[in-house]
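Chains A and B supply the protein sequences, listed in that same order.
The numbers in our numbering rise by one with no breaks, and the one at position 70 of the first sequence is 70.
The numbers in our numbering rise by one with no breaks, and the one at position 41 of the second sequence is 41.
Keep in mind the hints are simulated off the structure, nothing from the lab.
Heads up, a few of these hints could be off.
A pair counts as met if it fits within one copy or between any two copies, since identical chains are not told apart.
Straight-line alpha carbon distances no greater than 20 Å define the calculated EDC-like cross-link-like pairs of lysine to aspartate or glutamate that follow [what the hints assert, rightly or not]: (1) K319 with E591; (2) K499 with E44; (3) K77 with E551; (4) K319 with E158; (5) K499 with E239; (6) K546 with E407; (7) K465 with E158; (8) K335 with E222.
Number of protein chains: 2
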Amino acid sequence: MTSYTAPLRDMRFVLHELFDVTGKLSPLPGFEEVGAEVMDAVLEECAKLCQEVLHPLNQSGDQEGCVFKDGNVTVPKGFKDAYQQYAAGGWCGLTASPEYGGQGLPESLDCLVAEMVGSANLSLGLYPGLTQGTIITLTALGTDEQKNSYLPKLISGEWQGTMCLTEAHAGSDLGLLRTKAAPNKDGSFNISGTKIFISSGEHDLTENIIHLVLARLEDAPEGSRGISMFLVPKVLLKEDGSLGARNNVTAGSIEHKMGMSASVTCVMNFDNAKGWLVGQPHKGLAGMFVMMNKERLFVGGQGISIAELSYQNATAYAKERLQGRAADGVACPDKAADPIIVHPDIRNRLMFSRSIIEAERALSVWTNMQADISHKHPDKSVRQKADDMVGLMTPIVKAASTDFGSEIANSCLQVFGGHGYIREYGMEQMVRDVRITQIYEGTNAIQAMDLVGRKLGLDNGRLYKGWLDEVEETLIRVSGRNDMSEFSGPLRDAVERLKECTQWLFEDAKNDPNSRNAAACDYLRLFSLTVFAWIWTLMAEAAFAKANSSEAFYDTKIHVGLYFMRRVLPQTTGLDSIIRAGSEPMMALTEVAF
Amino acid sequence: MTSYTAPLRDMRFVLHELFDVTGKLSPLPGFEEVGAEVMDAVLEECAKLCQEVLHPLNQSGDQEGCVFKDGNVTVPKGFKDAYQQYAAGGWCGLTASPEYGGQGLPESLDCLVAEMVGSANLSLGLYPGLTQGTIITLTALGTDEQKNSYLPKLISGEWQGTMCLTEAHAGSDLGLLRTKAAPNKDGSFNISGTKIFISSGEHDLTENIIHLVLARLEDAPEGSRGISMFLVPKVLLKEDGSLGARNNVTAGSIEHKMGMSASVTCVMNFDNAKGWLVGQPHKGLAGMFVMMNKERLFVGGQGISIAELSYQNATAYAKERLQGRAADGVACPDKAADPIIVHPDIRNRLMFSRSIIEAERALSVWTNMQADISHKHPDKSVRQKADDMVGLMTPIVKAASTDFGSEIANSCLQVFGGHGYIREYGMEQMVRDVRITQIYEGTNAIQAMDLVGRKLGLDNGRLYKGWLDEVEETLIRVSGRNDMSEFSGPLRDAVERLKECTQWLFEDAKNDPNSRNAAACDYLRLFSLTVFAWIWTLMAEAAFAKANSSEAFYDTKIHVGLYFMRRVLPQTTGLDSIIRAGSEPMMALTEVAF
């Protein structure tokens, strides 16, 4: 009963009018061919696949779920066909190296592709989505032999990959993990242990599944400095690269979850499974972060996906459902009641959703464009600056987009009234599906601690100051402009508030070891809203540049931005006060008082 | 896997130490016997039933759900037995008139009973919970014959009741409903139409179900002034009151919902079903509000129920789950990691939950105590004042407790990390179950519009000013006290903010018909937080009075209150700014822009 139309117009605005992505990337080696027309064609092709093939399976996939029997997992009806179309379209290797069969397209395009796929079918999209992490990690750290053996099949989509990190007693605290790796004489290792919460750990979409597994070598130091990464294929390869014997890695069970029922989550048993070291011994966590950073941006994108899908369906319902009359005069005198979009509360939900989604989408593209620059720019200092921006924004994209994703899905469900609670309308699935995005790839509190405890202070605040410089540049450009005053004024106030709050936090942390973590989640939201205010200022600037256009798009864009500045950004005043209350209020009680 | 222990200590604090409920009620006619010991005994008895009988069926009920076959509904295994124990204990008629077999106990006690039942099993509790509305409405509006025929069986729990309001095209806007009532010669009516979203519409818990149905008489005016209420039993009564022929009311189907799977929700078909007018013709909406007001307080209580259950289970997990180390020094050097309750983010979630739950529980008791006074006090002006407070606080109890109920359930799920997303841990069920409470019995936006559009302005602000007088009295009492300064100061600031914001709203509404509804939800939250600040001031005052007690309870209470004042109440500053942005930001765009 839900529907999805890819927001191509807004995507083109972000890519071309807002950031001139092709202008920035096409001078870089490897991106010479990436013009605006290529990008638009890719997006349109993807939109078709999403609308016609992936989305129609979204509700049936949820209802049917994955089935586990005798160690095998069957995905819901239609998923295999749809995935084969997906793989055949080259979508699995969109950003992968052409050397191994990839298309070598930029991340800033891929994040929009992933957004569409996630809107259409979050569960289905997770299978190839996580495989990206495997591809990136092997590309960065694999031996030539590993690359040649595995990358082409992963990139073509013939095989998929997983990340096997979590154990029952080791989630956020991976240093506690116990899975063991014992060396064999042939240079391989025997991996033994049990991993939980393994997305796509076992399924019938592909013939082989390549697991990247964190484990400890026998002589490993304790804690997170004693973790190594291993490649463990479900099916071992013969000399010629074709499929051979089954490896000793099996799914013990699958989880029954709140949502994402069509994406399988497995307990994986490694029983002297044969594996090969990826990267250096004991440096597995560093390797893990190669995939993790990519996946965190990807998961942030999932939050945007569901927010967009929720918004679209709530909007359609709000235009169609008749209840009550407009307070400022009957809108549809010929009907028994007005469509509920006339009511301020409904409008508020739609405008809120939109003002967040559009900012998030732009921020996601901007951050991924920085990733592209950090990978390809010939100038090291430019690469470093871009990489800094990726590092700073990754926790924000991940946590803010998924927290708001849940908030928006819930708010859009509310637009449906009682019908929102009924499965067939599809809204409650969005709420259930998106909920995991606040948890996996590092809970949002972990993201916030990464921002506050690590990224913010890095090299005397280099990342943070680098971003402030960007904002200052924007402010200098637009400050004198009358038309921009409703953006530049609130942005300047918000940035000042953020700066003062950050300063306070650094002072407070000198005397209180709990200070940073106590502030973390509220600070991340304060920071995110300030970043969105900056993004909205840029978007308004780009829209005002088209003030003479007859296309209503630009005027609408400015109004959505004004909504953000007036009715969302003021949240920061409350957050600022809350952060400054410090850790004492939450830490004062002893454990027995709970 | 979840557990529940009734928070009896806190309930006794609220009843006896905070509000002296028995002191206030026992002078009133009908409550002479209601001493503190009676209340405590009732609560303890209820706690046992909830912990031992109702809660163990909560997860199995969710998994099994209700089954619909050939027009009949089977409730999950164990529910019938549990309900029979519930009815046998006299819980169905706790507040009902002794004249018809009820126990005549106060609402202020019943709301705590309902809280426990809801925590233990929200689905099961809804069956008898909604029957309360039927009992109250018949007591208020029924003829003697109706009362004698139906009340004793409803009060004993032998039969249950429903409210049949919503139709497919008429939800929030009941004026659109089409169900028809045609008079018969014997004084009965033939009711025809289809109702949707009817909780407990059909099931096998009881032999008869008494529907209160809104329908239109043939000569009825259009809209909400043409609605009448009818009593339509599932099974017609013989002359002697025993069960006779089946009436023409049947369940057409049941809904598959996000949660509350064990509480059946039916489409009900009335096909010339025999019914009898309850109350005056065309005055059905007024009759509906008799039940609705009770049920709104009840649904607010459901929000508290789930918040409490979530908090308890998150706390237990936080004490047991080992991940990471405390930032201010290792807490458990003998273990591989510290329990996650050492981490500020986890603490923050628990303290937030608790600071809201304890305020909500106290507000719920206070509001229900006002209801008791409004029903029984000999002095009309006292009754009126109490009734004013019930009217003002009902939308707050309903909307704030259920909005926070969802927020807390989600936050407590997050404490479990990935395990929170897995069904067997039970946290995700709480999120799914509580979600409906923000919708049914009037969505929370409807509550907010009731507060802002109706209650606030009533008789020149009589209700609102009456409450401000109460707060002023509190402030005068505690203002000079040093120990109370961290409560009285922020409370005074918050009340001033609320007053100014309210003033602004009244001014703005003079020129903008959308102003009130645009502000409604944010204003309701601002108001709620201010009310909670008042409640916390009262609770701190009561706790400081026991400063010499050796019981840690009082010191803990003060710390939880301080948390609220420092880390929750400051939300009001942001809300104030957002409200003052007015309706323009959300209403500026035309419909086609969406």
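To see whether the hints hold, each was checked on the structure:
no. : hint           : in the structure
1   : K319 with E591 : between (51 Å within a copy, 8 Å between copies)
2   : K499 with E44  : neither (41 Å within a copy, 53 Å between copies)
3   : K77 with E551  : neither (42 Å within a copy, 60 Å between copies)
4   : K319 with E158 : neither (43 Å within a copy, 45 Å between copies)
5   : K499 with E239 : neither (59 Å within a copy, 79 Å between copies)
6   : K546 with E407 : neither (32 Å within a copy, 41 Å between copies)
7   : K465 with E158 : neither (44 Å within a copy, 70 Å between copies)
8   : K335 with E222 : between (71 Å within a copy, 14 Å between copies)
Hints 2, 3, 4, 5, 6, 7 from the earlier list are contradicted by this structure; the remaining hints agree with it.
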